[in-house]
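> So you can see what is in the structure, the chains are spelled out below.
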Amino acid sequence: MIKAILIFNNHGKPRLSKFYEHYTEDTEQQIIRETFHLVSKRDENVCNFLEGGLLIGGSENKLIYRHYATLYFVFCVDSSESELGILDLIQVFVETLDKCFENVCELDLIFHMDKVHNILAEMVMGGMVLETNMSEIITQAEAHNKMEKSEAGIAGAPARAVSAVKNMNLPEMPKNINIGDISIKVPNLPSFK
Amino acid sequence: MREIMVRAMYCEMLGYDASFTYIHAIKLAQQGGVLEKRVGYLAVSLFLNEGHELLLLLVNTVLKDLQSTNLIEVCMALTVVAQVFPKDMIPAVLPLVEDKLSHPKEIIRRKAVLALYKFYLIAPNQVQHIHAKFCKALSDKDPGVMASSLHIYLQLIRSPDSYKDLTGSFVTILKQVLGGKLPVDFNYHSVPAPWLQIQLLRILSLLGKEDQSTSELMYEVLDESLRRAEMNHNITYAILYECVKAVYTIHPKAELLEKAARCIGNFVLSPKINLKYLGLKALTYVVQHDAKLALQHQMTIIECLDHSDFTIKRETLELLFRITNAQNVTVIVEKMLDFLRSCNDEHTIIHLIGKVAELAEKYPFNKPEFMNTLLPMKYNSWFIQTMNDVFSIGGDLLQQDDPNNFLRLLAEGSESKEEDDQLRLYAVESYLTVLKGHTSHLPQCFLQVMSWVLGEYAHLQESVDRREVIRLLTQLLDQRSVSSETRVWILSALTKIPEGQTDLILDLAESLSSSQDTVLRQQAQELRHLSQDSQLREFKPVAVVCVFSSQVDSSLSFLDGFVSEALAAGAAPYKPPHQRQEELCEDRALNLEPYSFSLPVSLSSCSITDRQSPTLLSVSSGLSGNSAELSQKAGSSTLILEGVKRVWGKDGYLPQKEATAPPVDEPSAAVQPASQQEAAERIEPRPEPSTQNQDKQQLASSLFVGLGVGSSVSLLGKSEAPPPRFRKKPRPHESSSSSGTSKRSSDSSSRSSRNTTDSFLYGSFPEEEPATSISTFDHTPKSTTANGLSQNKDTKEDRHANTSQILGGDMVIVRPSTIQDKHPPSVSSDLTALLPADLKDLPHSDVISLTSDPSLSLSSCRLFRDEALLLVIFISNCTETVIKDVAVQLTLKHKHQQMTLKNFFLLQVFEFMRLILMNSILSVTHRPLVVTTEEYGKLWLSLSHDVKQNLKLLTDAGDPLRTTLNALKDALQLHVVDIIGSEGIVACRLLSGAPCLLHCRVNGAALAMWLRSPHPALPDFILYHCQRALAHH
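Sequences listed follow chains H and W, in order.
According to UniProt numbering, the first sequence holds residues 1 to 193 in order.
According to UniProt numbering, the second sequence holds residues 1 to 1033 in order.
In short, the hints are calculated from the structure, not lab data.
Note that the coordinates shown come from a computational prediction; the quantities given were computed from them, not determined experimentally.
Hints are all accurate, no fakes.
Subject to a maximum C-alpha distance of 27 Å in a straight line, what follows is the list of computed BS3-like cross-link-like pairs (lysine-lysine): (1) H/K41 x W/K335; (2) H/K41 x W/K281; (3) W/K272 x H/K41; (4) W/K105 x H/K146; (5) W/K136 x W/K105; (6) W/K27 x H/K149; (7) W/K141 x W/K164; (8) W/K105 x H/K99; (9) W/K27 x H/K146.
Just chain W, with the same shape it has in the complex (with noise of 0.2 Å):
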């Protein structure tokens, strides 16, 4: 078998698959001797890697043989478990990894400290209350467990702030290292110990950085060691090397830096090819600091330019790129052209020919010394035929910034109009030339860069005839090679390119009408169109140039307006699809009636103006999607093939609406003539909107994953759910009743007053309290009692409360509704029993008084329902006069995303206002979960994420385990299902219904929690509120 499994491992690195094998791996692992284990671990480590299946069978041998007496069987479990063991199974082995820390072989040490530090990297959070052993590790009496210790070090000292105390340990480590204090094993070469040298030299450059006092600690070592460091080999080199650049990165001296750059010279001097590579980098990484130096090497570096191995060559012109300056960056540039044309290696090319674009790009307009050295024509032809060369070399190579960058560059340019058109004029003149040439070769890219600057700016040069530029243009369509992608630019050129050549267009759109790509097709239609049409033309609007939309705004609220009109005129409110699903369910099901009757009565019912056409007619219209979801009510009835239109309907009206709606930042995915003139002149139009759009879906998903199974839920299965709630009244209803509102109260001359609200509604609500700014509070009393409005002294009180959700921040639901109460409202701790009545059996927080002033105080309450959680907030006026108008915005961050929905309600109040804000969007609260014993042990096996790890157990009760799961349940809204023994299975979910189980057992004083969920977040994020919970506890 063992014999087997080498081979198996040869056959696998050759590249043949030997995954049949991978089992008998494992097995050998666990069952062989000594040997078979060996060759066992050895393959699991080279076949598997840290996702493999397999790995599960891996734990408990590993944990045997951690636990073994047999120190070989010990190091080949740590060895195994620092290089595959994955996340979720570093719970398991942890604590015994950790005592091995104070194993007394200092190889089961080392291992240990590096199974750590591989744990440290995978998941910092879960040996984070390790840190003092590695602390041991470091003064460890070993110096190869102390050596180990040091990447943990290095890799923890990158956030220096919490180990400058550890700078003096290191110092002296050093020191004895340098003084020749460790065993002679450790020499090599007779330099003692240099890999920990470099370690240590890192380790104190990190937490020098920028730190003087720090700094000055290690002066004294780093002279000592840049001593001894005498040229003789590779190694005292590499050691030098280090030392230097932690001269230059900590806090400088002066006697220092001139050593180190002296050692640069000896360096870059080197005949040795090693060395001066490495010189080199070194003046890459000083020029930053010290530009002279650079100087001195002049000479050296000319030479390296030439020098035969490619390697030194990419290093010195990164050297070059760090040191340009707007003097040199003609010759820089040239040289690196000069080496891209001659380099084939597709990576370096596209890391080089990047710098070039940004160097070029970086010093265009960089003139007041450039002016005497470079005429301005000059420059401009400079400028144009080095993003010539960089875009012929790089070709479609070049990240797609480069060309974006070049030709916003060239649409923005610099403050004086005349130099840009200048440079605008000098592009058409190169670009007509490189076109007139052979054309067949050049990239795609530049293709689009050519035809887009054509577009936009032949019309500046007026010595060349517009047949001319339309022809080679043409020219290049008729091309095999160039892409299609390419060919919508050229078009798009061609579209902008002024009129009076009609024929030629036309003879163009003609012989495109029949191309076989649709976007073409439909291109040379408008394009034929607008060179027919005059007027069409003198429509056109003014070049929208670059328009880099970095928003979507993906409430449309743009539209507000005009859903509000809509809605004005009798449309129906928006339904989202499955309610409509709902009711289309309905209606087929009662119709039984011929279809001619239905239509009719239908019609009647929805009170619709004659000129809506029966269904067909107002889908394919298209312009309202109200009116389109209107008629589909009404003629619901008709056809199951009606359905299939209304979504169409539903989906194309948004687009269309964008592209009339005259404001629009966003990319409009309609394809109209109107915008289209707009699109195309944006700079790679396509690609980018559908990444954002991406990028915004999956927000969107990730956000909106609660509020779509809520929501649906509850307006589909639950007949319960208060029927009001669901009522939708679009945004802009409201806001413009409001602002009605405000405008009478303006009348009336009361005050307005305006209390902003940030709440922190991240996931982790419960423990973020809303914040307010109470320096907001513009509001007096004064003047509300000067206006004398004081008719309303008794104590009653005038409760309007609106009840607002938001879902998914697109549409806000008002549900206003008056109650009257007679609590004074001073006494806070009455406010939960002025809820709503169908609010006021759901269990709710403690109400937190947020901020109060003289007049105005502000608190709230969560309540947590079963689909939502509530965010009650109570204001309530302090003083005897009436409020007429309370603005209220509150602005809800999302810790990630920094989404700000700002809502700015203006809503007429008396004394109090409650405003219930459902929290839909944010679904990652949770509530309890009840099941069954045996219920969750099945959902138990099929949940596959879980999650390990001990907490503090509460024991200042008879009944530990009951104390600490009665603990999470009230702070955590758990679901306790049942305890049995020293064990205890808690069960809740999330508000989308993905359930969360917790498995707890007593260990010793320690509560040993293992979590399950469907969901990979939300066993950690249970698990930190669960630490934090019994920490306040």
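The shape of chain H in the complex, shown without the other chains (with noise of 0.2 Å):
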């Protein structure tokens, strides 16, 4: 089982957590800043499976971990999943997020947080990995997207021109940056004329 999902930046800062079983919010905080320290600390050269710390179970839980560019995607497992699989896994989700997002970047989470979890609901529920079929996984949020869309036309109108205002207001936004091997853009913004 799947007991937290964790994603952070390189800097510590997370970008989303989700967790399976229930700790308390500081416990949770500290479970992220935890695995941070512990995943910070590696190499690249080595592998990508480490031991969970204390407060995550202990040796009983697996701490599977990718690093792209600024972020590290964290899959804390216990010992009924396969290490390899889930390490396939996070990038299967990575490749749907990307293609969610046409060039996911850091930012994409950050203004997008219900879509992350969405698309991962769709991947992981309760725990359990649910679907790997990425095409499935993309026609589920599509189909998602889409139903937003129709009745975002009628009721989320307002919303969506006080969602740009307030996007408006941030402080200057970088338009470009790529770092690694994924190009970062920023998400297209109504643009206010």
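Put the complex together from the two separate chains, hints included.
Okay, structure coming up:
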């Protein structure tokens, strides 16, 4: 079973956290910190598996992580999951994100947190791997998006306007960042003329 | 709102408190359109956990969405159900989720399967009935649904026996997957459905474990998947790894093993670090079966040991740990210690240090081959040195077990005394060296071990001056970094070092007697006394080594002798506190005279001997609780303050008794000089008893919950309770008299027969019959007749009935009464008529014949009283002759605790004996609770724990609900409060008073039962019995 899925950046700022077991909020934050501490120390040329820290269940659990450009994707799993399988699941997850967001970057995770969570929910449900078929995940996600759009057309207009204004007020956002192998593009903001 | 919620989620993730938005998340899920709902549900699943109270508000929404025609809504609802739903809400959604298993859309089916799996994990008993549907899901035409059902089977097959027949299906599925029969969509890097394969391989390995016939089914497919997995991508390695594991788990087949071994070789030799890791893991797994494989990869393993990657190193050490044997243990331990020295991760240290200690202890006396390679002296030094390293590296991170085990090893030793002494000698030497060095950085735990060893074995070392040892230890005491617990260890070590150094000790005691720590101060005092008084020293008990007492005799039975003596001397019997309280109250109420009068009056009334001083004195003497209690009664009119003292006296008396009773197997809490020595020599005397006591207390409090309330109620509140029942006589009294009886009877050469009745008096008593082993009847009628004791040939039966009550396991109340009755013993149906008058009116179960042989027959029935369950055992003599003695051994077994109360009654019985055993201990049985509908309503709302379940309805009569409820009422002692239309309410309560309310509604052919109680386990318990009762009907 997957116990937790964490995404944080090179500085340890959490970008997505999903726990499939209950921990108190403080513990969750501690887990994130501890995990970051463990993972960030490791070189590039070492293996992607790690014994879990104290908080997340000790040697029962494993941390399986991948490092993409600025982001660490960490899955914390118990002994019933296959390490390499999870490693490839992370790959599938990232590829799916990449397809859904058209060149995913850290900012996508920040601004479309709900979407990322929804995609994750299609893949992993209650700690169990639900779907590993990328096209199926994308179909589902797109079905949702389509519906959202159709609804947003009627009800969501004011909300969109508000969010557009909010995004406008954000301090200067970098337009094109290319880090590592994933090219990062800022999502197309609704332009305001 | 939606935007705000997303932001709130983000804040929460960053660690800020966003709990004020929780309710809005639920509202959003309730009210919004699909878009809002989606965010709402997402927020709910992120914010709330299974125990959160706000989840209650979500149930209706989820129910509505589950019934929705909109696919997306159903999906969302299923997701949230699988994420956060707690156990007690599962019944609400279970039927709907079940329906979804046959939904036309595969995504829904898949999610429903996973939701059910989640339910199975949380509450396995609630989804038992849908196992058949899981089976259907397994054969679903959509591979996705099938894949998700594998999760369930992987869990179920942990106990594989009932699923062996599915092996064929799994093999077929795997074959299809391998053959590329799945849609191309499922390919990942051109490997067909890799995760599915991994899952299947795991299931197969579980199924084939230690089962040749099942394993044979899967050889072919395993071979196939080994062959097909070409080494080209990570995921194929993942499959290979699973395959290899499966091959080694199932019944071995040489050909496959060979292939698997080759695969492992590829893994280990792979330049890819992840594969290397997996290879090592596989090796670790495999060496248990085949240690030779490790030999092939020796060099790689050695390389891995020096690998830069921490994880790889650890895994290698793990592998080494597995292949440790007597020859290589030194090297491996050396490697592990090296690693530990360089490692600074707390978790790893704890994990590994334990293993090192385990290894060192596992092979200490493993001499035969060992002697050749290492001289014993050298070996000793290795062992002690290793343990030194373990202690100094692991330090206070070590678990308590490790130092304890080490010390026990030292203390108990092996067969040869000489070797032990050498080992100890070496330990002493090495510790002295350590202590002479710089000690401030040493962990407390190490210091404790050292001081213990020095205290215990310093005398073995002749060459070292005692003064030197004392000086070193004293030095330690002066260090500021030493914790007070360690100081206690050091002091007790000092106490043990033989006499002769009085001046040093006195100085020390002097300096410590002003210490802040009371324990230290006390020990210092004792030390001083001991060192001054050489006679006392000679009394010093021989070292009691490592009393790892694991059993606490909660009944304090070893005090029985003392109590009976005290009683014989005229002391008043023990009364429980509440009774005394009551008496105290009475006394106080009456106490209007001046104090001076009351004292002599009460003294004379209680017939105390002169030496019994007034209250205060006898209490402070604290020798006997009984006398304290007695004098308390005498002087109860003196002061309110006295009530306080008496409590002290009672508590103080028990431990002190223990100290005086010679064979105490229980750590004594009293800190007395005599027991101090013993206590100090125990390893870790303090924590152990306390945790044990805690456990014991928990056990006791759960067991005796009914007793405490029940008896106090009947004592204080209910005046109608028959008074003689509560006149308590301590057990020893009874046993001493009965042993006298047995002596007498043996004089008259009558046989004593022993019946063993094992009564499984678990909470579910009503349906578990006491089983009697008939083989234990060793009584022969012949001998009785031979003795010519046939004077009682008339049908007159003299019955000597003993009513005994067992209260809390520590007190047996015996109420002998003689009842004359004229019923022939063979007619068992009339047995209930023989019950004493005060029990006759109680509802009782049928008389069950337990066992019989030609001479004796044994039957029992249960009586339901308000506060207790009585077990009546009838023993009838089927012969014409007289039974002089019947020994009845009753063994009460609690299902969980294996608590065995053995009460051996030797009773003089003529032809009948009845033994009424009051089952107060097991309070789980229930009684009807008579309430009105209004009261019921109020009560219902106040109760917290509820359980819902559908039960079978008895449909054979006109009014199914009434019939069913009446059946339940008869079977389970429930009270039917009211029946309104298709709903009925029923109530019952525990002996202790905890109510349980049942709400029943006819729902089609089923009875929807909703139970509530303040007691968390009660609803489940009642429900279980309802199910049983209906099933039997």
